[in-house]
Every structure is written in structure tokens, then in C-alpha cells.
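Asker: Chain by chain, the residues run as shown.
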Amino acid sequence: MTPPRTDTVAGMIRPVPMPPDSQVNRDLLAVMKGASSGYWFLLALSLFFMHLAGGIWVYQVYWGLGIAGYAHPVFWGVYIVTFVFWIGIAHAGTLISAILFLFRAKWRNAINRGAEAMTVFAVLTAAQFLGIHVGRMWKSYFILPYPNQRGLWVNFKSPLLWDTFAISTYATISILFLYVGLIPDIAIARDRATGWKKVLYTILSLGWVGSSNQWKAHNRSVLHLSGLATPLVLSVHSVVSWDFAMALVPGWHTTIFAPYFVAGAIFSGFAMVLTLMIPVRRIFGLEAYITDYHFENMSRFILLTSIICGYAYAAEYFISWYSGVEPEQTAFWLRAFGPYWISTWVMIIFNTILPQLLWFKKLRVNVPFLFVLSVCINIGMWFERYVIIVSALSREYNPATWGEFIPSWPEMGILAGSFGFFCTFFLIFLKLFPIVAIAEMKEIAIHEKAHGAQGAD
Amino acid sequence: MARLVGIFELPGQAAAAVVQLRGRGYTDIETYSPAPFTEVDDAVHPKPSRVRLMTLIGGLVGVVTGYAMTIWMANNWQIMVGGKPFSSIPPYTIIAFELTILFGGVLTVLGLFLFGKLPKFKIDPAYSSRFSAEDFGVVVRCREQDVAEIDALLRENDATEVTLVES
Chain A
1 MTPPRTDTVA GMIRPVPMPP DSQVNRDLLA VMKGASSGYW FLLALSLFFM HLAGGIWVYQ
61 VYWGLGIAGY AHPVFWGVYI VTFVFWIGIA HAGTLISAIL FLFRAKWRNA INRGAEAMTV
121 FAVLTAAQFL GIHVGRMWKS YFILPYPNQR GLWVNFKSPL LWDTFAISTY ATISILFLYV
181 GLIPDIAIAR DRATGWKKVL YTILSLGWVG SSNQWKAHNR SVLHLSGLAT PLVLSVHSVV
241 SWDFAMALVP GWHTTIFAPY FVAGAIFSGF AMVLTLMIPV RRIFGLEAYI TDYHFENMSR
301 FILLTSIICG YAYAAEYFIS WYSGVEPEQT AFWLRAFGPY WISTWVMIIF NTILPQLLWF
361 KKLRVNVPFL FVLSVCINIG MWFERYVIIV SALSREYNPA TWGEFIPSWP EMGILAGSFG
421 FFCTFFLIFL KLFPIVAIAE MKEIAIHEKA HGAQGAD
Chain B
1 MARLVGIFEL PGQAAAAVVQ LRGRGYTDIE TYSPAPFTEV DDAVHPKPSR VRLMTLIGGL
61 VGVVTGYAMT IWMANNWQIM VGGKPFSSIP PYTIIAFELT ILFGGVLTVL GLFLFGKLPK
121 FKIDPAYSSR FSAEDFGVVV RCREQDVAEI DALLRENDAT EVTLVES
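From first to last, the protein sequence lines stand for chains A and B. Reading the first sequence from the start, the letters are residues 1 to 457 in my numbering. Reading the second sequence from the start, the letters are residues 1 to 167 in my numbering.
Keep in mind the hints are simulated off the structure, nothing from the lab. Among the hints, erroneous ones may be present.
Here chain B is said to cover these stretches of chain A; the calculated rule only asks that three of the stretch's residues, wherever they fall, bring their Cβ under 8 Å from a Cβ of chain B [unchecked claim]:
hint, segment
1, 16-24
2, 148-156
3, 319-325
BS3-like cross-link-like pairs, simulated, lysine-lysine; straight-line CA separation at most 30 Å [what the hints assert, rightly or not]:
hint, chain 1, residue 1, chain 2, residue 2
4, A, K198, B, K122
5, A, K361, A, K33
6, B, K117, A, K198
7, A, K197, B, K122
8, A, K197, A, K33
9, B, K47, A, K197
10, A, K431, B, K122
11, B, K47, A, K106
12, A, K431, A, K33
13, B, K117, A, K431
14, A, K431, B, K84
15, B, K117, A, K106
16, B, K84, A, K139
17, A, K449, B, K84
18, A, K198, B, K47
19, A, K197, B, K120
Quick list of the computed label-pair ranges, beta carbon to beta carbon [said to hold, decoys possible]:
hint, chain 1, residue 1, chain 2, residue 2, range
20, B, D28, A, I307, 53 to 63 Å
21, B, W77, A, G324, 35 to 45 Å
22, A, G38, B, G82, 51 to 61 Å
As the structure is a computational prediction, the values presented were derived from the model and not from experiment. Where a beta carbon is used, it is the ideal one built from N, C-alpha and C, also for glycine.
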């Protein structure tokens with residue numbers, strides 16, 4: 001273009017010319033296009049289980065918790081086990097997004113979106129169990145401090161109340177974190193979408209254009225949200241662990257619970273990220289973005305947290321023996337050799353022994369092995385909570401009050417439904433929003449391009 | 001008035017162009033980037049984002065609210081629990097901590113909306129979907145007689161294309 005003469009400026013106005021779209025956009029937006037029959041099958045299956053659980057829940061609301069087998073001495077069964085399980089799963093997302101962000105671990109970019117979405121859906125799944133496990137769920141709002149005619153307030157000294165604040169804060173912050181990270185990517189999708197999706201993305205992208213003040217505010221927000229979410233993620237599972245540790249129940253009343261639960265949460269969360277991202281990578285051909293390097297790094301995290309869990313298991317047994325307190329010793333003896341021995345050994349083998357195979361590099365990059373291992377860890381971590389909650393409650397101080405707990409079909413149905421709920425939302429998310437953070441992948445690509453250009457000079 | 005859009009492939013080039021334009025007295029400059037690059041954003045707005053102020057306010061309001069709410073409510077209807085004082089600071093610290101994070105986080109996002117000027121209902125015609133691909137745009141508003149000078153300046157800084165858009 002020759003420099004225009006001033007009198008013809010108006011005549012030379014034209015739209016900015018368009019080259020073909022970038023490779024990163026094409027690859028990562030392709031995940032959202034179309035849907036195979038396999039996808040619809042999985043979605044239908046998830047919806048089926050979700051609705052099945054909904055039906056069982058209505059049945060339970062009508063007949064009461066008795067149908068779920070809740071009777072003395074175990075009033076916290078599969079529902080609370082599953083609640084703690086999903087809250088644990090929810091921890092990896094924030095760990096990957098916030099803590100690895102603060103440590104400038106760039107490898108997180110490929111997996112952080114998937115993990116953040118997983119976090120949000122896991123928290124939402126977990127939160128439902130707070131309503132499901134109470135007898136009169138229509139009075140669940142009693143847990144909130146609201147002005148009422150009786151002039152009563154909630155008991156802020158109760159760990160259950162701390163839990164309410166911790167979980168609701170965690171849900172809010174993880175939704176904000178996911179959304180803030182998504183805004184630039186939704187704008188990318190908006191610029192390329194048509195029809196109703198264009199309308200949806202236009203609304204959700206809030207008119208994002210990537211201008212300097214937007215990016216500046218965005219960078220700062222992500223930094224601060226990470227700084228806030230890092231202590232939050234550590235606090236949430238600590239608070240969940242205090243639901244148990246604050247009670248004078250043998251097997252619960254220990255100070256190790258907070259770090260033990262946090263390590264377990266990160267352990268199970270990373271396993272769930274692997275369980276989800278391995279099929280996603282395979283099905284959508286994202287091998288160029290989510291590489292074996294990412295899986296290997298996650299494996300290392302799993303190995304580290306598995307060792308911490310193993311240490312916590314050992315420390316619990318050691319302290320119960322060393323304490324000389326008989327109820328404590330009995331509780332732990334019965335854990336390993338009592339009626340719940342299968343659960344205990346599943347937990348020990350799946351959570352501490354099997355992951356030791358990750359010392360071998362060959363296995364850390366063996367994707368089918370990692371997938372199987374991650375599923376085993378998920379099962380093992382569910383059993384860990386089962387062992388902690390059920391075995392402790394069924395064997396308290398007075399042997400006359402001991403009882404057995406066997407999971408009932410409504411509980412198992414709702415447990416299956418929780419996976420249905422989680423998978424439904426995850427599957428819908430896959431088709432509506434980019435599962436790999438596009439702008440962050442581009443940041444890396446452009447940096448590489450810039451360095452390549454400098455090298456050429 | 002006219003507006004020129006220079007298109008750059010690399011963030012360093014766009015940042016250099018912005019610095020030179022500012023040096024020559026052109027202040028009405030905006031950039032569009034596909035990803036966050038501090039060199040570009042700092043060239044246009046050298047000061048740190050004020051979002052940090054919002055986080056601070058949110059956190060402080062949260063911690064004060066947390067302690068004030070718990071202590072007031074516990075004393076508004078006094079019920080002795082486990083022989084503990086009505087104003088028990090250790091358990092209330094947990095509530096205060098969670099509210100610090102909650103308020104801090106919410107105000108941080110509000111700060112993003114406020115200082116990032118979101119939501120924007122009208123998208124600048126100079127914006128193009130190539131800026132959400134891999135190109136950088138430097139948009140300068142200038143008098144019509146300066147168009148030639150800016151066009152030359154943008155090209156000197158390796159702009160791949162320079163276009164005029166409506167102002």
C-alpha cells in the first residue's frame with residue numbers, strides 16, 4: 001500500500017484482511033465440532049444414571065433415610081463417603097491451575113482447562129450430597145446464618161458450619177476461576193462460530209477483544225485468583241477432614257487428618273485428570289497438545305502424593321499403637337482385620353503399593369497402564385473414605401453399640417448417579433467450550449516463534 | 001481523524017511500534033493480542049493494573065465481615081457450647097479466612113470487569129478475528145495528515161500489513 005494522500009483517506013477504508021486461521025485454533029476448536037455416535041451413547045448413559053439417581057432420591061425423600069439403610073450406629077455412610085470423594089477429586093483442578101501457575105510450571109497449560117472444568121463439576125456433584133444425606137433436606141437452609149423469627153443463629157464452632165463456608169467459597173472461586181480463564185477462549189470461539197453458538201459465545205465472551213487493558217486486568221486477576229485459591233484449596237480439604245477429626249471417635253480424632261486429606265485429595269484428583277484426559281486426548285487426537293510429557297509429570301505428582309498417603313496410613317497405625325489407648329488400637333486393628341478388611345486392603349494396595357510402579361519411567365509414559373492405574377486409584381480413594389468413615393462409626397468406644405454397615409441399593413444407585421451427573425456436565429462442556437486453554441497454548445507457540453525469529457537474526 | 005491498523009506477527013515488533021508511536025506523541029493507541037504478552041500491554045499501559053486494589057479491598061472486607069458476623073451472632077443469642085467463650089477466635093478464624101478468600105476473589109473478578117471494561121456491547125470495527133488467531137494489531141487514531149508518517153513507522157517495525165479503518 002502506498003501512503004495514501006490525505007484527501008482520499010475515507011475512500012481507502014476497508015476491513016482488515018483475513019489470512020487462514022491459525023493451526024492451534026483449528027485443532028482445538030475441532031474438538032467442539034460435531035459429535036460421534038460414541039459421544040451420544042456416553043451422554044445417554046450418563047443421563048440415564050443421573051436420572052436414575054434422581055428417581056431414587058425422590059423415593060428417599062418420600063420414605064426417609066431408612067431406605068438407604070441409615071440406622072444406629074452408622075448415620076454417615078456412602079453419601080458422606082461419596083461427598084468426600086468428589087471434594088477430593090475437585091482439588092486437582094485448583095492445584096493445577098493455581099499452584100502450578102504460581103510456580104510457573106508451564107506444562108500445566110495443556111491440562112489446566114480440563115482440570116478446572118473437572119473441579120467445578122466435582123464440587124457441584126459433591127455439594128448435592130450435603131442435601132442428599134440429611135433426613136429433611138427441605139430444611140438444609142438451616143445451615144446458613146440468616147435472620148429468622150426465632151432469633152437463632154448458627155453455631156460457628158461446629159466443623160459442619162466451617163464446611164458450609166469452605167465448600168461454598170470453593171465452589172464460587174472455582175467457577176470464577178474457570179470462567180475468567182475461559183473468557184479469551186470463548187471470544188476465539190465467538191469469532192468463528194455461527195448460529196445459536198455465536199449468540200451464546202457473544203454473550204459469554206462479554207465483548208472480549210484482547211486489548212491491552214483487558215489482558216492487563218486479566219493477567220492480574222488470574223494471578224490474584226491463583227494466590228487466593230492456593231490457600232483455599234489447602235483449607236477446603238482440611239476443613240472437610242475436621243468434620244471427622246474434631247469428633248471424639250476412635251480413628252477420627254487425629255491431628256494428621258488435615259495434611260493427610262489434602263494429600264489424598266490431590267492424589268485422587270490427579271488420578272481423575274488422567275482418567276478423563278487420556279480418553280479425551282485419544283478420541284480428539286490432541287496428541288500434539290497433551291503429550292506424554294504431561295502425563296509423565298502428572299504421574300510424578302501421583303507418585304509423590306501416594307507416598308505421602310502411605311506415610312499417613314503408616315503414621316495412623318503407629319500412633320494408635322504408640323498411644324496405648326485401647327479404643328484407638330482396637331479401631332485400627334479391626335480396620336485391617338475386622339469386618340471391613342477388604343476395603344482397607346483395597347485402599348492400601350491401590351493407593352500406596354500399585355502407584356510405586358511409577359518409579360519406572362517406562363510405566364510413567366505407558367498411557368494404557370496409566371489409565372488403568374488412575375481408575376484403580378479412584379477406586380482406592382473411594383474406599384479410603386469408606387474405611388475412615390464407616391469402620392470408625394461402626395466401632396466406637398462401647399462394644400455394645402457396635403453394628404455393621406452394608407451399603408444399600410439406594411446408596412449405590414445415587415453413587416452411580418453422581419458419576420452420571422459429573423460425566424453429563426463434563427461431556428456437555430467438551431462440546432461447548434475448549435477443553436485445552438487455546439490462548440495459553442498460543443502464548444507458548446508465539447513465544448517459540450519469537451525466539452525462532454531472534455535465533456535467525 | 002483516521003485510524004490505522006498495523007498487523008504484526010510477533011509481540012516484540014508490536015511493542016516496539018507502540019513505544020515509537022508514543023515517543024512521537026501519538027497517545028490514542030490500542031493493541032489487540034491473541035494471548036497475554038506483557039511487553040505489548042505494558043507499552044500501552046505502563047502502570048500495573050488496579051485490579052490489585054480490588055483484591056485488597058475484597059480481602060479486607062472479607063476478614064472484617066467474617067469476624068464481625070461470627071462474634072456478633074454468637075453474642076446476639078448466647079448459647080454456651082462446650083464451655084467455650086462466646087467470642088471464640090480460633091473457630092471464627094476459619095470463617096473469616098473463607099470469607100477473605102470469597103470476597104477477595106469476587107472483587108478480583110469485578111476488578112477485571114471494571115478495569116478491563118467488560119462487558120463491551122460494541123466491538124471496535126478495527127478488531128478482527130485474526131487477532132484471536134495469531135496476529136497482533138496496533139490501532140492508532142491520528143489526524144489525516146499524519147497517516148503517511150504512521151504508515152511508514154508501522155512498516156519500519158515489520159508490520160506485515162497496514163490498513164485504514166473507520167474512526
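Asker: If a hint holds in the structure, say so; if it doesn't, say that too.
Answerer: Structure-based check of each hint:
For a cut-off of 8 Å, the count of residues in the segment 16-24 of chain A with a CB near a CB of chain B stands at 7, and the three-residue condition holds. As drawn, the segment 148-156 of chain A meets chain B at 6 residues by the rule of a beta-carbon pair under 8 Å; at three or more, the given contact holds. Residues of the segment 319-325 of chain A with a Cβ under 8 Å from some Cβ of chain B number 0, which does not satisfy the need for three, so the listed coverage is violated. As the CA atoms of K198 of chain A and K122 of chain B are separated by approximately 15 Å, the hinted pair is consistent with the 30 Å bound.
Distance check on the hinted pair: K361 of chain A and K33 of chain A sit about 36 Å apart at the alpha-carbon level, beyond 30 Å; violated. Restraint check: the Cα-Cα separation between K117 of chain B and K198 of chain A comes to about 21 Å, which is no more than 30 Å; the hinted pair holds. Among the hinted pairs, K197 of chain A with K122 of chain B is consistent with the structure: their alpha-carbon atoms are about 18 Å apart, no more than 30 Å. The suggested pairing of K197 of chain A with K33 of chain A holds, with an alpha-carbon distance near 11 Å, which does not exceed 30 Å.
Restraint check: the Cα-Cα separation between K47 of chain B and K197 of chain A comes to about 37 Å, which exceeds 30 Å; the hinted pair is violated. About 27 Å separates the Cα atoms of K431 of chain A and K122 of chain B, which keeps this hinted pair within 30 Å; it holds. Taken as a hint, the K47 of chain B and K106 of chain A pair is honoured in the structure, with Cα atoms around 26 Å apart against an allowance of 30 Å. The straight-line distance between the Cα atoms of K431 of chain A and K33 of chain A is roughly 7 Å, inside the 30 Å bound, and the hint therefore holds.
With a C-alpha separation of about 29 Å, the suggested pairing of K117 of chain B with K431 of chain A holds against the 30 Å cut-off. Our distance criterion of 30 Å between C-alpha atoms is broken by K431 of chain A and K84 of chain B, whose separation comes to about 53 Å. For the hint linking K117 of chain B to K106 of chain A, the alpha-carbon distance of about 28 Å falls within 30 Å, and the restraint holds. A C-alpha spacing of about 27 Å is found between K84 of chain B and K139 of chain A, which places the hinted pair at or below 30 Å, so the restraint holds.
Of the pairs offered as hints, the one joining K449 of chain A and K84 of chain B is violated, with about 63 Å between alpha carbons and a cut-off of 30 Å exceeded. With a C-alpha separation of about 35 Å, the suggested pair K198 of chain A and K47 of chain B falls outside the 30 Å cut-off, and the hint is violated. Of the pairs offered as hints, the one joining K197 of chain A and K120 of chain B holds, with about 18 Å between alpha carbons and a cut-off of 30 Å not exceeded. Checked against the hint of 53 to 63 Å, the C-beta distance between D28 of chain B and I307 of chain A comes to roughly 58 Å, which is consistent with it.
Between W77 of chain B and G324 of chain A the CB atoms are about 42 Å apart, so this pair conforms to the stated range of 35 to 45 Å. The hinted range of 51 to 61 Å is satisfied by G38 of chain A and G82 of chain B, whose Cβ atoms lie roughly 56 Å apart.
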